[in-house]
Amino acid sequence: MEKTDAELIAAVLKGDTASFEPLVAKYQPRVFATARRYARRESEIEDIVQEVFFKSFQKLSSFRGEAPFEHWLMRLAVRTCYDFLRGHQRNRETAFTELSEPEEDWLERFVAEPSGADENAEAARQLINKILDQLSPAAKLVITLLEIEDRSVKEIAKLTGWSVPLVKVRAFRARAEMKKILARMAKDKYL
Amino acid sequence: MNLEQLKNKLVSAARNNPPSDKVPYAFEKRIMARLTTKAVDVWAIWSRALWRAALTCVFVVAAIGVWSAAPLPPAENDSLSEDFEDAVFASFDQHVEETW
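Listed in order, the protein sequences are those of chains G and U. According to the working numbering, the first sequence holds residues 1 to 191 in order. According to the working numbering, the second sequence holds residues 1 to 100 in order.
Hints are computed from structural coordinates only; laboratory data are not their basis. The beta-carbon is built from N, C-alpha and C at its ideal position, and this holds for glycine as well. Any given hint could be a false lead.
[Claimed, not checked] Listing some non-contacts, in silico: residues in chain U with all C-beta distances to chain G over 12 Å:
(1) 14
(2) 23
(3) 24
(4) 35
(5) 62
(6) 65
(7) 69
(8) 89
[To be verified] With a straight-line cut-off of 30 Å between C-alpha atoms, the simulated DSSO-like cross-links for lysine-lysine are:
(9) 154/G with 29/U
(10) 189/G with 9/U
(11) 154/G with 22/U
[Unchecked claim] Ranges between beta-carbon positions, derived for each pair:
(12) 50/U with 47/G: 30 to 38 Å
(13) 89/G with 21/U: 24 to 32 Å
(14) 15/G with 30/U: 48 to 56 Å
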């Protein structure tokens, strides 16, 4: 019979390091998906995931078991991703004159007929990634959690460790920052 | 260009294309190997530090033993009071010798 998370954690805390492996195997897809939201290169993503599991192993004794292990782990993952963003925030600014052909086509279509531009297009996904990469670390984190993952302010506060008012302030600033980037893109392309 | 509409469109594009949750082959094994190595390293550092401390203690104990067992060189004067007296009266003695 498969052991529960609580049983595996108890075994790890007693010194059975091997019991940590099923926990890694179970939760690594979610941690990978989270890391891929904030990093682009596969080597960076692997580094983030590794860091998350190292930290969780080291801090396992601080897990009180009041909430599911997954929630605790995801908090750790989000905070590690934020640390990663803060550590790699140089060279964020790129000119929008360097858009790829499909991205430019998608924008042209949007300008001609906003409803005609397909939301599922790969170009749209690449474009939003380019815009997100230009945001400050806090803004990228907030926009990703609030707008893309559709989480509540309370949830974001829990995940990031920020207070609810701080999340609201950062969300306001992040939206303004994003608008500024979109305006710059429009100016670069169409003025 | 309606920027708000563009923003909403791009955010929906990101929502409709969630990142992949694909895991590299045997990634958990890699994590476990690194974790085990890290754990061993911690113990190795501890044991190395303890061995060094123990060897230093043995050396200090041996040095103190040798030093305490060695015979002391014989003292030229019998006591501290005599040394003190000689030092205090040195100039006086010299003066007396000169007057004679």
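Verification of the supplied hints:
1. 14: At about 5 Å from chain G, residue 14/U fails to clear the 12 Å cut-off, so the statement is violated.
2. 23: violated, 5 Å
3. 24: Given a closest Cβ separation of 7 Å, the condition is violated.
4. 35: violated, 6 Å
5. 62: holds, 38 Å
6. 65: holds, 41 Å
7. 69: holds, 47 Å
8. 89: holds, 74 Å
9. 154/G with 29/U: It is violated: about 36 Å lies between the C-alpha atoms, which goes past 30 Å.
10. 189/G with 9/U: Cα-Cα ~18 Å, so holds.
11. 154/G with 22/U: Given pair residue 154/G, residue 22/U holds - Cα atoms ~29 Å apart, limit 30 Å.
12. 50/U with 47/G: 30 to 38 Å: holds, 33 Å
13. 89/G with 21/U: 24 to 32 Å: holds, 26 Å
14. 15/G with 30/U: 48 to 56 Å: The hinted range 48 to 56 Å is violated for residue 15/G and residue 30/U, with Cβ atoms some 22 Å apart.
Checked against the numbered hints given earlier, this structure breaks hints 1, 2, 3, 4, 9, 14; the rest are met.
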